[in-house]
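Enquirer: Here is how the chains run, residue by residue.
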Amino acid sequence: MTENARETMEFDIVVVGGGPSGLAAAIRLRQLVPQATVCLIEKGSEIGAHILSGAVIEPRALDELLPDWRETGAPLNTPVTEEAMLFLTENRGYTVPLLDRVMPHMRNHGNYIVSLGDVCRWLAGRAEELGVEIYPGFAGADVLVEDGRVVGVVTGDMGIGRDGEPGPNYAPGMELRAKYTLFAEGCRGSLTKRLMAMYNLRKGVDPQTYGLGIKELWEVPAEQHRPGLVQHSFGWPLDDRTYGGAWMYHFGENLVSYGFVVGLDYPNTWLSPFDEMQRLKLHPSFRSTFEGGRRIAYGARALSEGGIQSIPRLTFPGGALIGDTAGFLNVPKIKGTHTAMKSGMLAAEAVAEAMEGGRAEPTSYTARVRQSWLWEELRGVRNIRPAFARFGMKGGALYSGIDAMLLRGRAPWTLRHRHADNEVLESASASPQIAYPKPDGKITFDKLSSVFLSATNHEEDQPVHLKLRNDALWKTVNWDVFRAPESRYCPAGVYEAVDVETAPRLQINAQNCVHCKTCDIKDPAQNIDWCTPEGAGGPNYPGGM
Amino acid sequence: MKVLVPVKRVIDFNIKPRVKADGTGVETAGVKMSMNPFDEIAVEEAVRLKEKGIATEVVAVSVGVQQAQDTLRTAMAMGADRAILVLTDVAVEPLGVAKILKALVARESPDLVLLGKQAIDDDMNATGQMLAGLLGWAQGTFASKIEIADGKAAVTREIDGGLETLTLTLPAIVTADLRLNEPRYASLPNIMKARKKPLETIAPADLGVDVTPRLTIVSVAEPPARQQGIKVESAADLVARLRNEAKVI
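Protein chains in written order, with the working numbering: chain A, 1 to 545; chain B, 1 to 249.
No lab work stands behind these hints, which were simulated from the structure alone.
Wrong hints could be hidden among the right ones.
Claimed, not checked - Covered by chain A, per the in silico footprint, the following chain B stretches (three or more residues, Cβ under 8 Å):
#, segment
1, 11-17
2, 26-37
3, 186-193
Where is the CB? At the ideal position from N, CA and C, for every residue including glycine.
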């Protein structure tokens, strides 16, 4: 099919991605320029379907965006009432004392435990009331560039067969052309990646470093439910060289959000984030919450942990990067929603200004970010995540205590991120193997029954959306050196090493993919390219997730 | 020829339904909903009839909550010309739906009512048949092929021994089975156009229909969890387990 077969639609602004940053930007744009036409596309089958977060959110950005949110039914219903940070050994949990002092950024007073998917669904309703056109089920498959300026995106073709040829239901993608395009793809956006290469946006900044968050939603017996409780942990089961920890939030109607984040700069190739997440539930500090409960949903998503050292250039002719695809997460605070929303709002303001002045690049976005509380907040915590990479888990914890209590975030130095996450994996022979317990089917589970609870679906007859740049590299690098780390870090069982006794080869079960993007990040040779599958594919996270 | 296509908003087929903790029903809050897949097939068939020049107008109708509008917009994005939402918060039972459809048939005078053979949420498989009964029209259920000519519809149905073809005199009711067709994607341009197509909202009372439920749900429970399988060591072990544990030999 030639490009001419595509239909075209013109807008003032196209937003790619219906998460907190994209929706906040769309809302802000219509507030500032009510006559502007704003179109938002989302690859998930509905808004919220691909949203995965803890989530405790700070309402600061929401207060600024929609000050009436309390009266208009925003699903922020469980205020944080109680919180604890635990350091775990294998059998015990020690509460970190004086949490307010040693980890002031962790203070959750005034924050809410929410389902971020539900918050996004609500934001989408508000955006539509303001006249934003929202189209879920359509992925941004390509960037349209003309004379060096981004002029929109192309949505993915539908109905392409496994062989790459149009099938009987073929429907070509559509050109969504815009004066400005905002990329709000979330961590490691596939179009963002192309933009970064095209406009050299990462020049002069540190490599991005990531985490992988894996989450389960539980319904627990009422007597075990403590609404408003926020519990975090670090230490066991991870070793000192691996950054990460667990969260457990009690909210809503007997719901518990449990999850685990592992820094993707982990060195041990045998590590399985999924199995770490499962076995931690058996720890005495967690187990009692889950006894007699039932698991409702499961999912996973990568997040950007690099902070301001890793934020790329934010603008280019015709558009900007917003939210976690740029990397605005506040790591020690374990929050990125308020920062993502704020970045979207600031980009919207810059776009409104650029549009009025007829300028191609919304350059004032960068200055707006640097003058806002967003930058001040991220600047204050910039050394904490790299300190963990440098000094290990205990040393990093000590450093962050000193940084917070004595230096108050104003250290005269900035610790750099020295390596990309894919560069630090150590070989199979140099890494200690890890024996994970078998799932018990009550509190711990296997990967496949977990993926089932993400309600993930991809139209079966379509090209594989996880592409190896060089097929031969898998055997010589991934298998011979690292023994297929993708089979362990993928939380959805997409990658399987088969025929390992005879002629090892990689099997890609792309239909299981929950769109977490970890493979695109952690593959040692950067040989895996995550592309958008047919729109509406991927997980279908339910309300409450 | 006018075709009326009733469509239902149901829990999406990808979602594993979850029984509410109190056992009163299935959790629908925050759950992804979409068009009943059999109704999608019915819409597709109606649109194909229009594309072949047999049908002149395709009218989609749904009975349900405000959000059923989205389902009707999907039908229009697939090619239906306009839509009617019979708005009610009551979970209307098949008989209630059939009565509403009967009233709409009187208003719209379609030559064909084409609908899914059943909805995937309650699996009742009753609305089409009840409507045929109320109207006194011919019905062709579980259609895997429909051919329309000279005021008659030849409907092929899958039955136990093979295929059965019925000839119905129009107007008639046809319910769609899985193999009738493969529905098209609602393309983005068509979704955009569908937002401008007419969608009328009316209440059951406007049609003079009482939709008060006549059935009482006693309890709703999830099926028992399947026990995990085991690997037996030998044939003798298998026989022993069949005899002593399963007690089948």
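Enquirer: Count the residues of the segment 26-37 of chain B whose CB lies closer than 8 Å to any CB of chain A, then report whether that count reaches three.
Expert: holds (count 5)
Enquirer: With a Cβ-Cβ cutoff of 8 Å, does the segment 186-193 of chain B contain at least three residues near chain A?
Expert: holds (count 5)
Enquirer: State whether the coverage of the segment 11-17 of chain B by chain A holds or is violated, taking the criterion as 3 or more residues with Cβ-Cβ distances under 8 Å.
Expert: holds (count 4)
Checked against the numbered hints given earlier, this structure breaks none of them.
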